[in-house]
Amino acid sequence: MSTKTQKKTFSVTGMSCAGCASSVETVLSNIDGVDAANVNFATHSVAIDYRQNQDETQFKKAVQKAGFDIILDEENADDISDELAQKDYKKLKRNLIWSAIFTLPVFIFGMFFMEWIPGRWISLVLTLPVLFWFGQDFFKNAIKQAKLGRANMDTLVALSTSIAFVFSVFNTVYPQFWLSKGLDAHVYFEAATVIITFILLGRLLEAKAKSNTSTALKKLMGLQPKTLRIIEGDSEKEIPIKDVQIGQTIAVKPGEKIPVDGEVSKGHSHVDESMITGEPLPVEKHEGEKVYAGTINQKGSFQFVSEKVGSETFLASIIKTVKEAQGSKAPVQKMVDKIAGIFVPVVMSIAVITFIIWMIFGGQDAFTHAILTSVAVLVIACPCALGLATPTAIMVGVGKGAENNILIKDAESLEIAHKVDTIILDKTGTITEGKPVLTDEIWLEELQEIDYYKATLITIEKESEHPLASAVVDYFDKVDLSKVNVKSFESITGKGVEALFETGKKYFISNEALINDQDINLDSSLSKKAERLQNEAKTVIYFSDEDKVLGVFGIADEIKESSREAIQDLQSKGHEIYMLTGDNKPTAKAVAETVGIKNYQAEVLPADKSAFVKKLQSEGKIVAMVGDGINDSEALALADLSIAIGKGSDVAMEVAKMTLTTSDLKKIPQALKLSHKTVLGVRQNLFWAFIYNIIGIPIAAGILYPINGFLLDPMIAGIAMAFSSVSVVTNSLRLKQIKL
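Numbering (full-length UniProt numbering), first residue to last: 1 to 740.
Since the hints were derived computationally from the structure, they do not count as laboratory data. Any given hint could be a false lead.
[To be verified] Restraint ranges, calculated between C-beta atoms of paired labels, are given here:
#, residue 1, residue 2, range
1, Arg734, Asp421, 19 to 29 Å
2, Asp365, Lys91, 42 to 52 Å
3, Ile695, Lys90, 33 to 43 Å
4, Thr730, Ile695, 12 to 22 Å
5, Phe367, Lys739, 55 to 65 Å
6, Ile691, Ala36, 38 to 48 Å
7, Gly363, Ile695, 17 to 27 Å
8, Asn53, Ile695, 54 to 64 Å
9, Asp713, Leu84, 41 to 51 Å
10, Ile695, Leu148, 28 to 38 Å
11, Gln58, Lys181, 52 to 62 Å
Ideal Cβ placement from N, Cα and C applies to all residues, glycine included.
Build the full structure now, drawing on both the sequences and the hints.
Rendered as structure tokens:
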């Protein structure tokens, strides 16, 4: 067999906790020929290093034997995994609903009609489906873990509920055993059913948080067309994108997505490269210019020669980076699972030790006391409060955020946000509105009939394909155009447009270069005002006839009203603010100075943004990235906290862990405050959950009996267990009252 190794990543199904991930890792690592297996529980995947030519079905058989499954179909792995996840979610939701319906009457009988004998038999019948149908996965998973010599939260749930159930069945069928000893024959069906229902609720909340983890990658992949047209001689041929080779000539029509990276060889157009630069203005492309996969062609047609295809394209590199960076970063719930891995066998050991000690030192009623105390230990130690401590606080925190236009994707973002000390802001669409608007209208002072010239200007711009034309048209949207008619229209590449009207007069809308080429007179007053606009980092366009410039106009991406206030608020609270933009240096400087940001970088590409995030993280800083475009997705995925602006791209919003549904940056400090309050609630919940067990377990074991003769009845233990859960939920609900 070959000694060369290869590494592949496969999707894993059936994992419900960190303990499951560890089990999958163990069974795969023990297969002969496997050098290493690393499971990512957050993405439900495993990266395996193994010998080439090794039969991959071995992996599937080994994982299935441990009670899980692995998807070997790489091409359709994401679709299969998503389908299974949706199926599991629906099953979990259905089980929770039916479990709650059956649990309610059992709880009422157990709490308020405990002495009513028919109620015990009814409870027995209703408990059977809750435990062994709606809650059967707990028992199945516990058995799987037992076969591997492991224990997790499922083990404790299965053990405590089954013992409580068996004990209750015995007391229902043969109550005389206890009555003859002068003791009440209590039943604990309600404890068993409530445990199952509450833990199912926690699992459902967790599943919901993880249900959309792959959507961002699907949207990124959707930017690349499935087919493309190559030029062969004088004809075009459509082929699948996977068949394209480097060096082939590819044709692109108006409105189409560019399929691979390359260089323009023929034609001219404007291309929307917002996914790369984040800038709203399409970029002019002519022969010799580079084009990139996933960017969108505008109205022109052109041909280009492919230079990078498949996994080598710029878009593919973004997809790879996002995929690698999108895994969760150890949320509190994962820590709870690890603690449970120790907690469960400890509790089981305490129950066994309790039983043995009572059998040895219990005197006349040794067996009775041994049974009652060991059951009480298992019942009171049920990890219900532990299981609810995090999801209930997160659920309330997420709801509070939604009320305040802050959409929170998962627990991770709320856990990390309050630690953030450095915030990176994208410029376009984040600090600014993200749309070019005409801000300055300056006409030659001696002009008469301004309305006529306005109509002439708009008539030309309506014919133009230039991306700035719409800003001018929108500004003069109510001008009467009925008196002007264009006879001919011509685009001058890289400089502007010219139009001949039926009056025989020719007009130009252009940059300064065309004014100089045509030797058109520029009034000194207009020249100074144009220079002022340029110093303000605005794009200047000139409107002229064949003799003189009639007017100059400034176009800019305006700064949002809330940006300066929000940035000052964050800085006053000690946060270090950076601005990164793909725009030019003068524009970046003007925006930074206006909003009060000292640290900024211009002409930054997506890779530069992600590299800057890594640099700050290497310095020990907790970094938040705020952006709105596909070009921000790499940096968003790598940042400790990612925040997307709601009016931005779908990909940015899917990659980000938080999304602001409004463009108001003042929501950022509110989000950080919400994080602080929510994390505080989680910590309080976990504290009380652990304290409850630390105090409750010894009392249930009978530690007070030698002192004052007190033994905790399992019934009271069941009530105490329920109370611990209620206290955790009540504490979480307090988050609703906070003011952001």
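Practice item. May I ask which of the numbered hints given earlier this structure violates, with the numbers listed in increasing order? Key: When the structure is compared with the hints, none of them turns out to be violated.
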